[in-house]
Amino acid sequence: MTASAVRMPEPAAVPKSGARLLVSTLERLGVEVVFGYPGGAIMPVYDALTGSSLRHILVRHEQAAAFAADAYARRSGKVGVCLATSGPGATNLITGIANAMMDSVPIVCITGNVAQAVMGTDAFQEIDILGVTLPIVKHSILVRDPADVPAAVEEAFHIAASGRPGPVLIDLPKDVQVGQTSEDIGFRYPNAVVPVDHDAIARAADAIRQAERPLIYVGGGVKIGRAVDPLRAFAEATGIPSVSTLNALGTIATDAPGALGMLGMHGTRGANEAVQEADLLIVFGARFDDRATGKLAEFAPHARVVHFDIDASEIGKLRQTQVAVAGELPAGISALTAHLAPTPLRIDPWMMRCATRAERTGFRYDAPGEGVYAPALLKAISEAAGDDFVAACDVGQHQMWAAQHCRFAKPEAHITSGGLGAMGFGLPAGIGAKLADPDATVVVIAGDGGFMMNVQELATLRRYDVAVKILLLDNSSLGLVRQWQELFFNQNYSEVDLSDNPDFVRVAEAFGVEAFRISRREEVTAGIARLLAADGPCLAHVIIDPRENVWPLVPPGKNNAEMMEGA
Amino acid sequence: MTRTLHLHIDRADGSLQRLIGLVERRGFHIDGLSLSDDGAGRRVEMAVRGRDVARCPETLGRQIDKLFGVTRFAPSAAPHPERVV
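Line by line, the protein sequences are chains A and B. Heads up, the first sequence stops at 566 in numbering that gives the first Met the number 0, and the numbers go up one at a time, no gaps. Heads up, the second sequence stops at 84 in numbering that gives the first Met the number 0, and the numbers go up one at a time, no gaps.
Check before you lean on any hint, since a few could be wrong.
Stated by the list, open to error - Below are the BS3-like pairs computed for lysine-lysine, each with C-alpha atoms no more than 25 Å apart in a straight line:
#, chain 1, residue 1, chain 2, residue 2
1, A, K409, A, K77
2, A, K557, A, K316
3, B, K65, A, K557
4, A, K294, A, K557
5, A, K316, B, K65
6, A, K294, A, K316
Think of the hints as simulated: they come from the structure by calculation, not from any bench.
Model the full structure from these sequences, guided by the hints.
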């Protein structure tokens, strides 16, 4: 328990098991949905779930529980919760936990474990999951006494959601779950308030006033820190152009004036060239990820850096910073805007240069041929779905095409595995997002490789009638790997052929999910309409050209100005 | 160049493992380690050395500051924003 926690007296309670205390504490914290899969060492918790207000979503693999909890958190703004048993149940969560860690998503993962008396004896389904997950959690707690369950759960929720969010693991040995206690102590954690560093803000404002070519570099921390509105106000008030990381797309609407799109490996030419020319980067909630920077030593070579971040350890980690502003983003950005308000910036030539280049180098959608052109399809479906559109992306070429071509009006509309790049994320993420926001038009954008990694979750879609729309872009290969083998490994195509994929329409139908196929460009408009109009879950199996590549591309080891373009 | 970190860690499961794992994972060798019970927890003195010149001890310190149950004694270091109440 952190020193700031305040012990809240509770009425005298009748004895309860640790498992029942877990459930009642989750209820008290406002949890509505938990994703999980039962097993031997978590059975007392599943017994206690019966009759609770919690809605348990039975997935078909624990990895999907963690991914769904992650997307639920991203879409709802709440803490996502998943449950698993010991041993293999717990280890199956690992990729999902790592995903939440890399993208700073607040989830609480609750695992059962063997009884304390046999811990350390290699008991059946015993794994030191606390030890295994240490590098990929924000924090973890092994509860050793039933009386400690409420405090542990509340502490886990507080840590997961506060500051820079992340995953927290709670490991519950079986004897703790079944042990009885009359204690039911809750704690309330005050929100930490980091005072705005006005001196640093003033230095940041000075740096911006002195700059001729300032550029906003938006990271996922803006969305996570609930600083979207202040950032938009800052961008509008100053007119400074902006570039976005993958996880920040939509923070400034992708079609807003001055929004140059994504930077980095598959970023737009307008974004990458602006970064290379900028004399000041104003970085908000970003961590200079290598996919964004390319060759770090040559990234933004003319720029000084002003860096705002809640996580002080990210400032100066990879790129020297001239002005560091560690703390809460909303207050910091608002203070910066106020500092700059009296005097308009004189950056019209720079704004014009960025806008003209973005216009000149923008994407085209007139590719020849009769086959489906995935970029045009993705642009069209995002526009057809409107402001309710939420993309739950898997990982691969389709993910990059979605980032480049979809219209995102808000950051919560783009749910993607950014830091970890975990194939298989899309379908369970779509389930989590739709359950968090039933009114949203949630479209899973998947490739044939990643879709097969969690294809079993079609059963979850059907069981709960989750009206997710699946856009399955099938190029019968591991497209991004194939592209790299083509470009950087002398066309030595090694283990990327998936031409023996199953018939995905029949697979979906076997799970009881409506499905149809789009094979030709002329079928796209009607296919999008059918997919979006379906009452329940629906899958559109889209055949695309296996030779299609994602362009532009910054080759490995090159700087972001050295972009390759396709034919 | 070797730096010595002066730390205090609680008795929670995994605390020491969490600390050592972080230091090594972030690219530092641990050249010396001493641990003593001080009643309230454990005092740790850890000598660390970056694997290459790009490893910044100040960044490592701020990363350690993010761990729960760990206190770093570094008079010149500002507290991590997540830990300021």
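Pair hint K294/A and K316/A, alpha-carbon separation not exceeding 25 Å: 15 Å, holds
Holds or violated: K65/B to K557/A, with C-alpha atoms at most 25 Å apart: With a Cα-Cα distance of about 33 Å, the restraint between K65/B and K557/A is violated, given a limit of 25 Å.
Pairwise hint evaluation, K77/A against K409/A, where the allowed Cα distance is 25 Å at most: Cα-Cα ~17 Å, so holds.
Proposed proximity, K316/A with K557/A (alpha carbon, max 25 Å): 21 Å, holds
Proposed proximity, K65/B with K316/A (alpha carbon, max 25 Å): Holds - the C-alpha atoms of K65/B and K316/A are around 14 Å apart, at most 25 Å.
Straight-line alpha-carbon gap K294/A to K557/A, limit 25 Å: Within the cut-off at roughly 5 Å; holds.
In summary, the structure is inconsistent with hint 3 from the numbered list given earlier, while agreeing with all the others.
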